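Trainee: Chains as they are written, first to last, in our numbering: chain A, 2 to 399; chain B, 2 to 399; chain C, 899 to 1280; chain D, 899 to 1280.
A couple of the hints might just be wrong.
Here are the computed lysine-lysine pairs in the DSSO-like style, where the Cα-Cα straight-line distance is at most 30 Å [stated by the list, open to error]:
{"#": "1", "chain 1": "A", "residue 1": "Lys-392", "chain 2": "C", "residue 2": "Lys-1160"}
{"#": "2", "chain 1": "C", "residue 1": "Lys-1160", "chain 2": "B", "residue 2": "Lys-398"}
{"#": "3", "chain 1": "A", "residue 1": "Lys-233", "chain 2": "D", "residue 2": "Lys-1160"}
{"#": "4", "chain 1": "D", "residue 1": "Lys-1160", "chain 2": "A", "residue 2": "Lys-392"}
{"#": "5", "chain 1": "C", "residue 1": "Lys-912", "chain 2": "A", "residue 2": "Lys-392"}
{"#": "6", "chain 1": "D", "residue 1": "Lys-1160", "chain 2": "A", "residue 2": "Lys-182"}
{"#": "7", "chain 1": "D", "residue 1": "Lys-1160", "chain 2": "A", "residue 2": "Lys-398"}
{"#": "8", "chain 1": "B", "residue 1": "Lys-110", "chain 2": "A", "residue 2": "Lys-392"}
{"#": "9", "chain 1": "B", "residue 1": "Lys-176", "chain 2": "C", "residue 2": "Lys-912"}
{"#": "10", "chain 1": "D", "residue 1": "Lys-1160", "chain 2": "A", "residue 2": "Lys-176"}
{"#": "11", "chain 1": "B", "residue 1": "Lys-31", "chain 2": "A", "residue 2": "Lys-398"}
{"#": "12", "chain 1": "A", "residue 1": "Lys-398", "chain 2": "B", "residue 2": "Lys-392"}
{"#": "13", "chain 1": "B", "residue 1": "Lys-31", "chain 2": "B", "residue 2": "Lys-110"}
FYI, nobody ran anything at the bench for these hints, they're computed from the structure.
Remember, it's a predicted structure, so these values are computed and weren't measured experimentally.
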Amino acid sequence: MQVYSEADTRFRAEVRAFIAEALPAEMARKARSGVALNREDYFGWQRILAEQGWLTPTWPAEHGGCGWTPIQQHIFEVESHLAGAPRIIPFGIKMVGPVIIHFGNEAQKAAYLPGIREATTWWCQGFSEPGAGSDLASLRTRAERDGDHYVINGQKTWTTYAQYADMIFFLARTKPDAPRKQEGISFFVARMDTPGITVRPITTLDGGHEINETFFEDVRIPAENLIGEENKGWSYAKFLLSNERAGIARVGEVRELIRDLHDMTESQPVGNGSLLDDPAFLRRVTSAEIDALAHEVTTLRLLSREQESGRPNPLTSVLKIRGSEVLGRLAELQMEVEGPLAACFRPSPAGDPELPQALLRPALKTGRYLNYRKFGIFGGTTEIQKNILAKTVLDLKG
Amino acid sequence: MQVYSEADTRFRAEVRAFIAEALPAEMARKARSGVALNREDYFGWQRILAEQGWLTPTWPAEHGGCGWTPIQQHIFEVESHLAGAPRIIPFGIKMVGPVIIHFGNEAQKAAYLPGIREATTWWCQGFSEPGAGSDLASLRTRAERDGDHYVINGQKTWTTYAQYADMIFFLARTKPDAPRKQEGISFFVARMDTPGITVRPITTLDGGHEINETFFEDVRIPAENLIGEENKGWSYAKFLLSNERAGIARVGEVRELIRDLHDMTESQPVGNGSLLDDPAFLRRVTSAEIDALAHEVTTLRLLSREQESGRPNPLTSVLKIRGSEVLGRLAELQMEVEGPLAACFRPSPAGDPELPQALLRPALKTGRYLNYRKFGIFGGTTEIQKNILAKTVLDLKG
Amino acid sequence: MSILDYSEEQRMLKDSTRRLLESHCSFKQRCTHMTSPPGYSKAAWEQMVEVGITSLPFPEDCGGFGSPGVEVAAVMEEIGRATALEPYLASIVLGGSTIARGADAHHLQEFVPAIIAGSMHPALALYEPDHRYALKPMGTKAQAREEGWILNGAKTMVLGGDSATHFLIPAKATDTTLLCLVPASTHGVRVQGYQTVGDLGAADIILEDVPLSPSQVICSGDRAEDAVEYAFDVGVSALCAEAVGTMERLLELTRDYLDTRKQFGVAIGSFQALQHQAVDLLVELEQCRSLSQLAARAVSEQATGRRTAMCSAAKAYISRSARVFAQQAIQLHGGIALTDEYEGSHLARRLTLQSYALGDEDFHLQRYARQPALSGNNAWWD
Amino acid sequence: MSILDYSEEQRMLKDSTRRLLESHCSFKQRCTHMTSPPGYSKAAWEQMVEVGITSLPFPEDCGGFGSPGVEVAAVMEEIGRATALEPYLASIVLGGSTIARGADAHHLQEFVPAIIAGSMHPALALYEPDHRYALKPMGTKAQAREEGWILNGAKTMVLGGDSATHFLIPAKATDTTLLCLVPASTHGVRVQGYQTVGDLGAADIILEDVPLSPSQVICSGDRAEDAVEYAFDVGVSALCAEAVGTMERLLELTRDYLDTRKQFGVAIGSFQALQHQAVDLLVELEQCRSLSQLAARAVSEQATGRRTAMCSAAKAYISRSARVFAQQAIQLHGGIALTDEYEGSHLARRLTLQSYALGDEDFHLQRYARQPALSGNNAWWD
């Protein structure tokens, strides 16, 4: 049945063959087991991709891009997940990289792009603040010019993987008296080891440590760390966030979970049979599988429409909404496969040797179920996506 | 298991015995078949109740009330439904009757109460207008004083059973320049045969005829048809609508549908067995039954709390929301029992002799499923109920 | 061309179908057609024949266009938008595909041109009383006689059966299944027509000692079962596309109503809770559109398993979604959508029909689950 | 007294339990207790003994209060509000009720006072690996020996098993079921404790040639099965009440957060879509409250069928509702509810535990459906 074009089908075969060859078995085993990955796990795989020239597929050719279409990026993401490759951390490659390419000066390009392209510099994102999440423009971190430096004061939150980061890009207010709150914001980068930057880990409800609070106390950064023009940061941020929407559908993860769900159900012993013999459970598995199918096809449809028109499609919000729903439901079902053991929990995913062997998998699944609650919240909540669709697609007035 | 008090348990036995004795078998058969009932079907049963002194249980004793508690009214409603009695049309007994008792003058009481109490006068309600449904206060029907008459002009809609009605009670604007739209509204009654009143039937999506549009064109009614004081109609209407909330939970209907659903599922042949052997269907039936149980117990809890405190409870909106959901779901399940025949339809519930015998029941069920869509809309939409709960119970600001 | 979307040509076909239906089957017109026999517009039907869309699903060597999938879907979306009453699904898609798949060359030449010409209306009689959505004949039996057979049994909810010229009757013989073509006028065939909740006509059929000549058996055994399963999948795919069209139109009406209707001095479409509910409809529509497109492509598949899996996946999803969509759209409107004179209530009823016709959610979930599972890292369509 | 509500006395019991927990198990305190053995506050436990709530479910003739239903529910709601960690459900309700129902007079006098005094912690070992939520022992076997038995097998997800002094082990003998009381320190009993998603402790138990004297068999046969089923129902009822308390508290936090948190210059609680979602939680809470009250009353029933039906009805509903409630409450909060330091995330996790502990939705739907159906016009509780 033809869904991919022939070129894309060939591309998939090429990606599959490369990953099968290049992905170390131990790396895949660890990623698929569900335990938390560290900096070296992520960077190890990124360097392999960098060598192949596949790490920064959407960048312009002169900066190391390889010209993949949106469908090809999608295929790469799905194949990577199915093979158990560590996911690509987006902050350098998909977020700050394109901003520097578009709005940075030559010195900044020379300083920062190689580290991203070669997977040696880990970036983190300093956008959200305790009082500025969905309403990002109300951020309060200040940057005051002092000679050839800026002095930064403020607090960022939900800083994903700040604990691994070498660099941070962030928004700060350079003109506090601007008439509109979107004005007077600037876009900066800073070394994480700059004096005055401290990171406080946030333990999440699954017991994991992915996110942090980042504090800026009289942090002096050189004026050349300003990207683009002063007070224009909001437009760069919008540019950045529109790029973020590419992987929004999370089809790779969905496919991985679906592939495993069926097998797990079939291999879960219940008395003399398996859980697949339970019609009520089978019905839920089937229904979730069809939801996932609908979501994948919708993703392909919208990506290929974007690819054709060259314009971002506001319907993409549908992918964010459904992606988080489908993933949440699959994680829930995988947890329910475990029956009573679904109630177990390992507060520290790094490994607790005390947990009986049979409970390791259930504990990881329950942790993931809890962790996946984030998908409806981060990167624009479901409610924000619905506001966008109501306004842009349905043309309803606020 | 004690849920009703002993007195209420005795009351239930008394009600059950009376209905078993007094309800004509043919009347019950017709009501339970699901075909549309006519004026005489409803009034026939109401007269039997009137004779027993049970038609106006909530009225003051001097006007023919019998002092039932909310729980007892609830028990009566449930038992009536289970026995297949025609439902009590509320417009006279629960709506305009109490308004006349509280706010009418002696002449009005003498003129109107006997007809309600003895089930000889059919009342209908003229509140909603094409532009004033949930936002009732924006009604536009005008009443202009002209000597000892008022002249009414305007249009009412969703007038339930106007086709059977002898009298209408309605709201009209008597002071169009009042500063707030809730002010300057008055409460009137009128004979339906007054010149200038015309009724246009509205066929509903189930093909039935329950509701109508009612037009007032230069309708002259005597000034004594004003109930209470001029321009105070809004407060009478609010009083009336708070009384309307009593039967809001529709537990009688829920119990009737649940009782039948299980039997229907068991007696629906599928191959060599019955539909009850289908685990997926059984699961839905069981789940709906438990929803219905939760709804009934919630109703009893809230009624008995009201009974104890003597104050209306804003949580009652929960009963309206869940009652319509549960009923809608039960009607849907009963329809689904029929399998492919659920797709059949009889546009005129009055009876179409052409429909094959085996399709009569499915057609009625599909019609009822469609008809029941109204429960989330009439009498305060689900959205309005949620607004109320957010404001009154959760104390969230609009 | 964009993946899983209509091509330029298919879009033109869709547009011309829309124009045809707008001029012959506007909401007002169809309400008139509905109430007088045959329950649809003969003029519209003749137009459909004229523009050639009746030939779409048939093989090219007997005058067809050879496109039972995406082209039929394009037409069906428009039929769904217009809630058109003409027996395209019944005669062309279901009846036509059964013959196209099951008949031998001789029968093909005899019947297909008449079907394409719109003069022969074959209705596929799938269901039997008390056997729910089962696709195999259970109680309808063919008894061999000297020359041919005698048919006895009953069929129910035969789409288009009220105006059919012929019935395609799967029947059980001693050790095989026969697929029989029975003219509606045959002695012993009793037809009781009625209206479905989606305003389309249907019928119950009673067969009492209906004589059958050998030439009336289109095919038998595996081939008969395959023809029915094939036509069923083609019909399911077409019905899914119809549902997408109906949802699309109902969402447009809902949106417009929210934008127009005022309450408390503002358009009700400015209330966030209603906006989000409307967005939920949009999200559902996009899922249904995707699965419908996938099913339409699967219909042309040679591999029966994938074809059936994709068609049942789409219908399982759409069976639930169509019904819930209708419920929510009515709720978003309020009272107006409860009235028969409003176009939206007919769309809502049509969605109810689409939910239950050709198998409900449970039936298709089970049918999907019986197909071979996804293997390894393959995509669903591999 | 209002139907299906707490009486004045029960309300006083509830209030005093709340005060006890507020002073000993505030959110901050419990987070400390959680991380050091035995995983709860001994001081709080002693207070519970002191005020007498540990006696509630036991028969009066051995020092109990004779109220396994509504009084226990009143206490459990407060435990749920506080997400308290003390093994009240495990030792008193589940373990205690098993003994109270199954033991003879001699055993009752021996054990019940020690349980009420808080020194004996019996944990009921319900589940076995690979047998999901089945209540009957499958793989745990008692082999007769000269004097007594030898136990072999494994139990999993034993609530309170990490800090239990005794285990109640249902085991399969040749032609009967035994209910055995095994001290945790017995040779051959291996206990692996861990934390559940609701922060309560639990354990896996391996039994390897565990010697059993005749006096360690509490009861056998039907009586053993009845004791387990009874204790299970009492536990289910108590857990439902716990869930109601947890939901109630989480709704309060959610409401307060909506009222406080500002976005775009206004409290997010002014957004209608969020208001309606919060109301959905309220509506769910009221349904759960009703079913929990009903189950609590059913627990004192003599008629086993009604008791089991009402308890399984409540747990089937609450199993789904608790989980969905947690999901929606988190979503309404946004990021803050994803952090471990926020009380709401512990409440959400506790709801996840309540969803799966003592049988999930499917298990209880099926258990409910196996009870005698409603007959005629009777109410569920007739």
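Trainee: Does each hint hold? Answer for all of them.
Mentor: Hints versus structure:
1. Lys-392(A) - Lys-1160(C): Given that 30 Å is the threshold and the Cα spacing comes to 18 Å, the pair holds.
2. Lys-1160(C) - Lys-398(B): 22 Å, holds
3. Lys-233(A) - Lys-1160(D): Holds, at about 25 Å.
4. Lys-1160(D) - Lys-392(A): With a Cα-Cα distance of about 22 Å, the restraint between Lys-1160(D) and Lys-392(A) holds, given a limit of 30 Å.
5. Lys-912(C) - Lys-392(A): The hint holds at about 28 Å.
6. Lys-1160(D) - Lys-182(A): 15 Å, holds
7. Lys-1160(D) - Lys-398(A): 22 Å, holds
8. Lys-110(B) - Lys-392(A): 54 Å, violated
9. Lys-176(B) - Lys-912(C): Judged against 30 Å, a Cα distance of about 56 Å means the pair is violated.
10. Lys-1160(D) - Lys-176(A): 23 Å, holds
11. Lys-31(B) - Lys-398(A): Violated, at about 49 Å.
12. Lys-398(A) - Lys-392(B): Holds, because 24 Å separates the two Cα atoms, which is no more than 30 Å.
13. Lys-31(B) - Lys-110(B): Since the Cα atoms of Lys-31(B) and Lys-110(B) sit roughly 34 Å apart, the hinted pair is violated (cutoff 30 Å).
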